[in-house]
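> Listed here are the chains, written in short residue letters.
Number of protein chains: 4
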Amino acid sequence: MLNKKKIFNDPIYGFISIVSDLIYDIIETSEFQRLRRIKQTGLADYVYPGANHTRFHHALGAMHLMSRALDNLREKGHNITNQEYEASLIAILLHDVGHGPFSHTLEHSLLNGVSHEIVSLRMMEVLTKKFDNRLDMAIHIFTNTYPRPFFHQLVSSQLDIDRLDYLKRDSFFTGVSEGSIGADRIIKLFDVVDEQMVVEEKGIYSVENFLSARRLMYWQVYLHKTGIAADEMLKNILKRAKQLAKSGASLPPAGGLDYFVHNQVNEKELTQENVLAKFTSLDDYDVWAAVKQWSTANDKVMAYLCTNLLNRRLYKIKLGNHPFNEQHEELSQRLLTQGIKRADLPYYISSGSISNAAYMAHNQKIRLLKKDGQVVDIEKTADLPNIKAMSKIVTKYYLCWPNDLTLPAN
Amino acid sequence: MLNKKKIFNDPIYGFISIVSDLIYDIIETSEFQRLRRIKQTGLADYVYPGANHTRFHHALGAMHLMSRALDNLREKGHNITNQEYEASLIAILLHDVGHGPFSHTLEHSLLNGVSHEIVSLRMMEVLTKKFDNRLDMAIHIFTNTYPRPFFHQLVSSQLDIDRLDYLKRDSFFTGVSEGSIGADRIIKLFDVVDEQMVVEEKGIYSVENFLSARRLMYWQVYLHKTGIAADEMLKNILKRAKQLAKSGASLPPAGGLDYFVHNQVNEKELTQENVLAKFTSLDDYDVWAAVKQWSTANDKVMAYLCTNLLNRRLYKIKLGNHPFNEQHEELSQRLLTQGIKRADLPYYISSGSISNAAYMAHNQKIRLLKKDGQVVDIEKTADLPNIKAMSKIVTKYYLCWPNDLTLPAN
Amino acid sequence: MLNKKKIFNDPIYGFISIVSDLIYDIIETSEFQRLRRIKQTGLADYVYPGANHTRFHHALGAMHLMSRALDNLREKGHNITNQEYEASLIAILLHDVGHGPFSHTLEHSLLNGVSHEIVSLRMMEVLTKKFDNRLDMAIHIFTNTYPRPFFHQLVSSQLDIDRLDYLKRDSFFTGVSEGSIGADRIIKLFDVVDEQMVVEEKGIYSVENFLSARRLMYWQVYLHKTGIAADEMLKNILKRAKQLAKSGASLPPAGGLDYFVHNQVNEKELTQENVLAKFTSLDDYDVWAAVKQWSTANDKVMAYLCTNLLNRRLYKIKLGNHPFNEQHEELSQRLLTQGIKRADLPYYISSGSISNAAYMAHNQKIRLLKKDGQVVDIEKTADLPNIKAMSKIVTKYYLCWPNDLTLPAN
Amino acid sequence: MLNKKKIFNDPIYGFISIVSDLIYDIIETSEFQRLRRIKQTGLADYVYPGANHTRFHHALGAMHLMSRALDNLREKGHNITNQEYEASLIAILLHDVGHGPFSHTLEHSLLNGVSHEIVSLRMMEVLTKKFDNRLDMAIHIFTNTYPRPFFHQLVSSQLDIDRLDYLKRDSFFTGVSEGSIGADRIIKLFDVVDEQMVVEEKGIYSVENFLSARRLMYWQVYLHKTGIAADEMLKNILKRAKQLAKSGASLPPAGGLDYFVHNQVNEKELTQENVLAKFTSLDDYDVWAAVKQWSTANDKVMAYLCTNLLNRRLYKIKLGNHPFNEQHEELSQRLLTQGIKRADLPYYISSGSISNAAYMAHNQKIRLLKKDGQVVDIEKTADLPNIKAMSKIVTKYYLCWPNDLTLPAN
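Protein sequences, first through last, are from chains A, B, C and D.
Numbering follows my numbering, with no gaps: position 71 of the first sequence is 71.
Numbering follows my numbering, with no gaps: position 195 of the second sequence is 195.
Numbering follows my numbering, with no gaps: position 17 of the third sequence is 17.
Numbering follows my numbering, with no gaps: position 306 of the fourth sequence is 306.
Think of the hints as simulated: they come from the structure by calculation, not from any bench.
Backbone N, C-alpha and C fix where the C-beta goes; we use that ideal spot for every residue, glycine too.
One or more of the hints may lead you astray.
Quick list of in silico lysine-lysine cross-link-like pairs, DSS-like style, CA-CA up to 25 Å [as the list claims (entries may be wrong)]: (1) K130(B) to K239(B); (2) K392(B) to K392(A); (3) K5(A) to K76(C); (4) K202(C) to K392(D); (5) K5(C) to K76(A); (6) K380(C) to K268(D).
Some chain C residues near chain B, calculated using beta-carbon distances under 8 Å [as the list claims (entries may be wrong)]: (7) R37; (8) H53; (9) F172; (10) L251; (11) G255; (12) N311; (13) K388; (14) A389.
Let's have the full structure, built from the sequences with the hints guiding it.
So this is what it looks like as structure tokens:
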């Protein structure tokens, strides 16, 4: 029996229970509590006003689904020790703990070339020290160095618990009902063969639906064009701040963010505990507070970007199958005529590309367990021609420009 | 203002309002009320115990979605007269009124070569007489002889209101959550160009999700193998009854069903109002009552089929990509050895094929309205490779055999 | 591990698992399978077209909630043996197995003074014989003769698993969202003190909400006036059938129902296995088939009742706080003038009363477990004045009369 | 037809449409956009992690329900001009626009004796100037000076659109399912008699359920004890900041909040447009940013409060029916012994009372429209004894104290 009982309300799953004291204590750490202040989908609430859910809730939800997946595997006769059980829950609970403010949006704006997974690992290492190495097995699972690979695959693969929760959760809070998936059913159909994760063959349509739903969520939510415009604006704000800092220009103070504006933080710096601590003290609130402060900056570019982001007067944006080189050039000319300096153009006009594939045929495959015990890769199934079709990487180009300008015809 | 106010509770849409007195009166007819006694998905409740919803509710639900679709088109500036509005609602309300007991399952067992659409039309003709020809425009819309084709396309096409409601409804009541679709969003994106229905381009992912969900519902629900086994059993019961009737053997009385057991009813007979009336007095209750009566028949085959269907001791069934000729033959031999007569074999062993394509590329296409006003067929969209993939017709073969026999290895 | 794996889809709980082979086998019996053909809420689908859910699904759902309740009690440290666990599931699974066609509506029309609980018990006794007495503990729990009373209280009390499921289920399928309750939360807060069921004190508002929701469901669904009118009509049909049978008049055959029309079946007769078997072969389909047959009866009263019920031309009905004696009398006079025989009046005019109390203060109370370990009756809680208020029995009187007559002013 | 089309996704209602260009423009103002950064339920996400929804979404949702209520009244034959329609939508859209950071929690911490309704009115006055007085009718409706009082009653009364939306919304996002209400049904049953709002009598159970749900939400969410502890902590932080400011002690800068820390702002000051502008530039982000800054303050009390709030090491709290005077005193003594200054005690120990009544019998009543056209107060309905019961004001006392102290027994 637990000493520290606790249940969390979840509008999606009803109740989420904490199954061990160690997990309770991890949730109580400031490292984990800060996830309450980091939104799961960055600025997506500018498109879907319900999307205010946090990394904190996603982490709990994923942990909940993990426990159901493991219960199911045990019912199917697989031996999973209590230690493995707890370690898997911790691994999924902390898989995203390294996310900084605005999650993916600022992933490359605050740190230099350090993915959130690396930060998660650093933070797990700090936590395992704090808890007498009791997170070590979770770290092995997270880094795929644990001898039974299916645990890692549940945490991270093309059909993992992480994705099951975030699709359900993001679909729920955005109200994009088409993104909803049959997570319960998929979990019931998980199985393990030779220590590798497989899905029972009768789950193929649920898996196909999962891939299709994920693709839809990418285009409709994660890569929604208005969301991209907002993201570009915020990224440009950080870029400008760093540029101004470098040039010695003064900016209103921005609390904890200032350190990352004035210093380049690479993977190496992050190994210093005090630098990591600075990063892990950041959250969305620091960024919005900075944006509010900087909206009064003397720098015209900065004031422009911050004021417009705050009031949701976002860039206009166009998406297409080809780069918008000519229109980019023409807009630049127009802005130069209006007196914008050439060096400042990238803060007014942004271009780039986004791409997405529902299923990466070259990564580790999703495998089906047939009734006769055979295991096959999912795209080999005769009646799922669209799995193959969904492996195609779709790339789109975008062009962002100021709200008050009209795009020239191309 | 209405004289006859009425709202129906619907667990899916909340409330369904009746918008005109004529529609109220149509719903009150015995022709329409009988749909309360015909399940939407036949014997699917043998697989999904929640699937007890009726044609009655589906018809009301489709009418509700139609009114929202028309409201939306009006908001977009399309002129729809009040008469057209009411006629469209009547057309969708009655589109399935010709369904007999167990809907599709017995569609070819009770009548000879008469589709439910033909019966619906006959019944609409009876009703329009009863209501002073006030259903005439609805009939034109239903038969696609009304000059503005988009009304018909809303009632019947590859992306029609009928499908939007039945997918939502069947998914809701079966609990197969993956079948849920974004009907609201699709309806908001409907538009009309040159009197033809189109979907705004930004709806492509919702349309793709709709096609994918429909395909999933086919394999998971409408063509679920246990459901097919139950269907085969029921169809064989009717076949046996007709055969016994023909051979002069006696059967316990089966109420209204007896007429159709003893007479061949073709499209021609159905033009006689009294025969049509006989058909429209039938519902699921007549069939189950007959099955219960016939379970006590002297005919061993009949008693076998009825008792087993009642107690859900269904045929065993196997699905595959090729016909099961050898196993069929071997099972036949075994049954012959057990004393089953050769002529009775088809009542113990059933085989056949089912097929499904999510999108019929050769039918009238789903058309997208691009931002620049151009209209294109959906499969021409560059980033939807799987629409093409989903056009492939998938065929599967099945073999059904008695519950207490083991299938020989092939 | 189970030999007979099976999961049921449930739109409410997602999936319902079968936890033992014995339970699997009980579900497979014809006694239990027949519940697929008995609607949970009788004729309520005449008011709420979605209310076609069956006793079968309710029984499975209640079993599912029971397993969650027991899991929760085990987590709280209570010792529940595997045998007790299975027996509790069986007891709740079979608690309503004795319901006949149309559940409560015809409870007193087919049998004489035999409640459905008595029939359930008889059927459990038959089943335990069939299964080598393995249902004996379930029977003890059902009849409250098992030494640990909380098991019985979970099956049957003022806050039992039965009610939790039927409120959730009936609310879901009718679409009466206000009837929805926090079953998950209540179950998490169940506890056991001195082998008696209690609820943790912090659950008081959930319990209050449960009582309030139940009261609402009574007035809005179970005792909805249109539903009462339909019920009265059906009960009068059975009464008329019995009367005609007694007087020797001929009626079209009505299959399995005929036995109960021609014979008085009391508790004693029901102890004969063949009579019980006759009863347990009945379901809603027999009744509707009879109504359809009898709608062509020579007896004018019978034809009138059956035709009108079939086509949903129900009695008009009025509810009030006092009996409608004068209006009853005046309507009678009018019908007599129209040539209706005095003896037949009760088939055209029905009156009676219904009553309901959300909480029966004189029955076994709902008990709360306070933080300090004390157990108190719920109505003693200072801040729940309305629990007391809800204990008041509310009685209403109704008068039903033919559809085509206008009620005289009173 | 609209020039500025826009729909918002809402996980609760599906889609919310903007019905006029003026409303579109109001939503685009910075005054309204800031509501995106103010959570609906303050710190409730510390108890219910899903409760991150904003005032922005609530305002849109309430506007949506208002349009449905007005559509329904028009269908019932009430004349509502297009101008009245738009004005009602604006009134409900802006009814809460005056809320500052953390809504109710800090309502009395930032301003002195100025309710959020007053601030809303001030902001509406600013907006109507900006939009050529086109908000004037909305202001009349909001202040109940419009000649047709039912419009105001829809915006603000004991059964208003505001409450319908917030109960549905808060229940949805917290996952407290018992708080869900039948808003659709209640809205369908709204009517108007003598320009006053009434509810059709058959809605009494829905109204009762609404009152009961609201009461539950108060105790379970709005007055949840952990939420109160968090609120107290935050209020004490602001109090301390003001005290330090007054005493001239230095605090790390807190952006826009500093003005309100250093100045007393009463209703009078707020009439100055620049002061109002300062207030309306504030949101939750300023407060959290300040808490983060102040967590590094030299002042021990401040650092203590901020660090603990950030890391969710909240006060312990106890609720009871009587003040905790003795325990308060004993805790104080203990803290004094530990070296806490007497003047600082109120920052470590907080006590007070909360109270709630589901229905205020002395305010303007909820009125029912009986079938015979009579209008009666709801508590006069014979069969709703608990409405009266729910009018009782329930008061509870609380005591908060530091996390690391044990409460002395009383």
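> Does each hint fit the structure? Answer for all of them.
Hint-by-hint comparison with the structure:
1. With a CA separation close to 35 Å, the supplied pair K130(B) and K239(B) exceeds the 25 Å bound.
2. For the hint linking K392(B) to K392(A), the alpha-carbon distance of about 18 Å falls within 25 Å, and the restraint holds.
3. With a CA separation close to 10 Å, the supplied pair K5(A) and K76(C) stays within the 25 Å bound.
4. Of the pairs offered as hints, the one joining K202(C) and K392(D) holds, with about 20 Å between alpha carbons and a cut-off of 25 Å not exceeded.
5. Of the pairs offered as hints, the one joining K5(C) and K76(A) holds, with about 10 Å between alpha carbons and a cut-off of 25 Å not exceeded.
6. For the hint linking K380(C) to K268(D), the alpha-carbon distance of about 49 Å lies beyond 25 Å, and the restraint is violated.
7. Because the beta carbon of R37(C) sits about 7 Å from the nearest beta carbon in chain B, less than 8 Å, this interface hint is met.
8. Checking H53(C) against chain B: minimum C-beta separation of about 6 Å stays under 8 Å; hint holds.
9. Restraint check, F172(C) versus chain B: the minimum CB separation of about 6 Å is within 8 Å; hint holds.
10. Taking 8 Å as the C-beta contact cut-off toward chain B, the hint placing L251(C) at the interface is violated, the least distance being around 13 Å.
11. Look at G255(C): its Cβ gets to within about 6 Å of chain B, closer than 8 Å, so that hint holds up.
12. Of the supplied interface hints, the one on N311(C) holds, with its beta-carbon coming within about 5 Å of a beta-carbon of chain B, less than 8 Å.
13. Look at K388(C): its Cβ only gets to about 32 Å from chain B, farther than 8 Å, so that hint breaks.
14. Restraint check, A389(C) versus chain B: the minimum CB separation of about 28 Å is more than 8 Å; hint violated.
The structure fails hints 1, 6, 10, 13, 14 (numbered hints given earlier, in ascending order).
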